[in-house]
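Participant: Each chain, letter by letter, is given below.
2 protein chains.
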Amino acid sequence: MENDLQLEKVKQVGGILKEVDADLWLVWIRETSQMADPVLDLIYGGEFVWQSALLFPMNGKPLAIVGNFDADATEATGLFSRVVPYTKSIKEVLIKELNQLGPSKIAINFSKNDVAADGLSHGMYLILQEYLADSDFKNRLVSSENIVSKLRGRKIPTEIERIKKAVQITESIFEEAQTFLKVGMTEIEIQSKFHEAMNRHGVGFAWDKDHNPAVDAGPYKQFGHSGPTSNMTKEGHLLHFDFGVRYQDYCSDIQRMFFFGKPEDVPEQVQHAFETVRDAIQAAADWIRPGALGYEVDAIAREFVKDRGYEEYQHALGHQVGRQAHDGGALLGPRWERYGATPMGVVEVGNVFTLELYVTTENYGQISLEEDILITRKGCELISRPQKELICI
Amino acid sequence: MENDLQLEKVKQVGGILKEVDADLWLVWIRETSQMADPVLDLIYGGEFVWQSALLFPMNGKPLAIVGNFDADATEATGLFSRVVPYTKSIKEVLIKELNQLGPSKIAINFSKNDVAADGLSHGMYLILQEYLADSDFKNRLVSSENIVSKLRGRKIPTEIERIKKAVQITESIFEEAQTFLKVGMTEIEIQSKFHEAMNRHGVGFAWDKDHNPAVDAGPYKQFGHSGPTSNMTKEGHLLHFDFGVRYQDYCSDIQRMFFFGKPEDVPEQVQHAFETVRDAIQAAADWIRPGALGYEVDAIAREFVKDRGYEEYQHALGHQVGRQAHDGGALLGPRWERYGATPMGVVEVGNVFTLELYVTTENYGQISLEEDILITRKGCELISRPQKELICI
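As they're listed, the protein sequences go chains G and V. Going by the working numbering, the letters in the first sequence line up with residues 1 to 393, in that order. Going by the working numbering, the letters in the second sequence line up with residues 1 to 393, in that order.
Among these hints, one or two may not hold up.
It does not matter which identical chain is used: a pair holds within one copy or between any two.
[As the list claims (entries may be wrong)] Dumping the calculated EDC-like pairs for lysine to aspartate or glutamate here, alpha-carbon to alpha-carbon at most 20 Å:
#1 209 to 75
#2 209 to 249
#3 88 to 296
#4 61 to 72
#5 388 to 337
Since the hints were derived computationally from the structure, they do not count as laboratory data. Given the structure is predicted, the values throughout are model-derived calculations rather than measurements.
When you get a sec, could you build the whole thing from the sequences and use the hints?
Facilitator: In structure tokens, the structure reads:
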């Protein structure tokens with residue numbers, strides 16, 4: 001099994017546990033082919049059939065308690081210093097190991113805020129409560145939100161490399177698109193051309209195929225998550241893409257705007273809107289730095305857009321990107337209820353975020369762009385080449 | 001979007017709700033690209049970004065409350081009579097709709113027993129509790145285990161067709177294998193030959209690629225979930241496969257045994273073990289019928305094997321097959337703690353199960369077979385062609 005990346009990520013765990021003062025992180029899972037805790041690929045990269053407990057103590061080595069048929073495969077990963085198999089019930093083994101470790105807090109994967117840290121199902125939570133009913137451990141369960149979001153958010157060099165490669169391939173495909181896009185194509189035709197190109201590049205989809213890329217031709221379509229239609233590209237109209245590929249399990253997520261016509265024919269309202277979006281993103285990129293809070297970054301772009309006389313965008317400025325296009329953790333978003341506490345998250349070195357927003361023009365529909373950035377010690381590095389002007393076809 | 005199957009499955013919901021006396025089924029989800037409730041593909045087939053509530057009332061039409069950017073795509077499926085979009089928070093809209101429906105019980109997707117019915121994360125459960133804190137609805141939440149397992153387990157004709165096709169392709173590949181298998185090949189080489197064949201047939205993996213097919217050459221390897229090694233096939237040795245493909249989202253799951261040598265060279269202990277496994281499976285197939293309880297079916301085969309002087313197999317006799325190789329719901333298994341209440345589940349018309357078990361020989365390792373069956377009104381139909389004799393190469 002190829003698991004160098006997982007070995008490196010597991011090495012990160014110990015430091016994070018010390019930092020957030022957690023004695024023990026318990027990843028508590030079963031039948032992961034049905035529904036896998038999103039953290040599993042990051043720290044394991046395989047599947048478990050029966051109830052399994054992966055234990056990461058702050059002081060000590062990782063340990064796995066797994067069903068007997070899973071034991072060989074778990075051993076083979078080399079990720080755990082000890083693999084304890086069981087046949088009929090995990091309960092006794094789990095309690096015995098917990099007693100030996102004696103944690104005062106046990107962090108488990110639930111989170112109201114962060115979907116990437118919310119991999120524990122409610123049923124599995126109830127089972128754990130039941131198993132621990134006779135011990136005091138049942139009162140020591142806390143959310144691992146902090147652990148998971150740091151582990152997931154702080155990309156190691158291998159992860160950054162893969163994301164950069166995904167971004168590069170996405171940009172190459174946008175360049176190829178300039179050779180095949182023309183007036184009179186339907187959104188559906190255009191999407192299938194992108195799929196062909198992805199196939200040639202050997203990359204997968206950063207989100208579901210039907211909506212990737214999102215292709216929006218002309219002024220009448222609200223951007224978002226609806227798939228391509230038989231809308232056609234037209235002289236004097238805009239064409240919008242939201243596109244992300246998956247390269248070796250890591251994603252890109254980029255939006256681009258095309259215009260059918262000569263640069264000099266771009267209507268003033270379109271140019272003004274385009275520049276507003278472009279410059280709002282740049283303003284946020286100039287401002288962002290480690291230690292900033294998510295909603296502060298969002299506010300930079302949001303105020304910028306409002307100051308230019310546009311209505312504010314109805315989404316967050318940016319989300320993290322990694323194994324998923326929406327990778328969880330701190331969000332560069334407004335403090336709206338639907339975002340929970342994620343906009344209060346702290347921006348950290350090694351995070352990869354999108355910066356994306358739209359404004360609405362009077363006659364030409366929405367204009368929306370999206371860039372990908374890597375947080376550095378001093379600020380950020382733009383890992384996509386920001387779109388500077390409308391791409392005229 | 002191709003969703004005829006989902007439309008048919010959603011039609012099944014109303015009847016099931018009446019049968020189990022549930023006023024309302026609430027599928028409560030978010031950011032499904034990170035971790036999707038396993039039921040979602042069955043009744044929707046797309047993704048949701050923000051917190052979303054899919055409401056299926058016993059008396060009334062399905063309704064979806066979704067984030068504004070998901071609304072178009074949700075409408076487009078035609079699965080819901082009404083799609084209610086929201087921008088900042090789902091809470092008020094959800095409570096308003098619940099007030100209008102006035103359910104005395106609200107079934108949500110958590111289950112200690114059935115992983116396929118346990119799609120609600122613990123964090124999302126806590127959020128729901130919080131949203132409903134000021135209403136009496138918070139006291140009306142019950143498990144939807146019964147609903148989900150019936151919906152998932154009772155295959156409609158389209159689902160059965162796809163599973164049968166997956167089984168057929170699996171069998172074709174086993175037939176092709178007879179032309180390329182020979183003494184001196186490693187497990188790894190053999191697996192890659194199977195992958196080539198799958199590619200030619202255009203099918204996916206019923207479970208993770210590394211362990212599919214499981215290939216076990218010779219007597220020294222414990223069957224189960226460990227991947228292929230550089231073990232070589234040898235004259236006079238057995239070769240075991242556990243193999244499943246995915247055809248149009250539906251799976252097969254079949255085990256076969258090969259022997260390197262002439263039929264007359266099969267050692268008596270091997271032949272005896274093979275016949276025991278084959279006949280134990282047939283005994284269970286002859287006995288199974290709608291209304292039987294899972295553990296009763298398991299006991300038929302388990303006793304059969306023990307009566308022949310072998311140790312009992314350390315797993316369940318059979319699991320359901322569908323969108324997943326392990327599809328959840330009633331299990332044909334012993335009443336061991338790790339299986340929860342699933343062995344008490346009732347066998348129903350339209351269920352697809354595996355029948356699988358192994359015995360251990362003194363000198364030749366394990367012998368294990370697995371067939372797939374469809375439950376009919378009178379008993380079952382074998383949808384795989386049962387292996388009658390060792391396949392001699």
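Participant: Each hint needs a verdict: does it hold in this structure or not?
Facilitator: These are the hints, each one checked on the structure:
1. 209 to 75: between (35 Å within a copy, 18 Å between copies)
2. 209 to 249: both (15 Å within a copy, 15 Å between copies)
3. 88 to 296: Classified as between; 18 Å across copies, 52 Å inside a copy.
4. 61 to 72: Classified as within: same-chain Cα gap 19 Å, cross-chain 49 Å, threshold 20 Å.
5. 388 to 337: Classified as neither; 34 Å inside a copy, 62 Å across copies.
In this structure, the one hint that does not hold is number 5.
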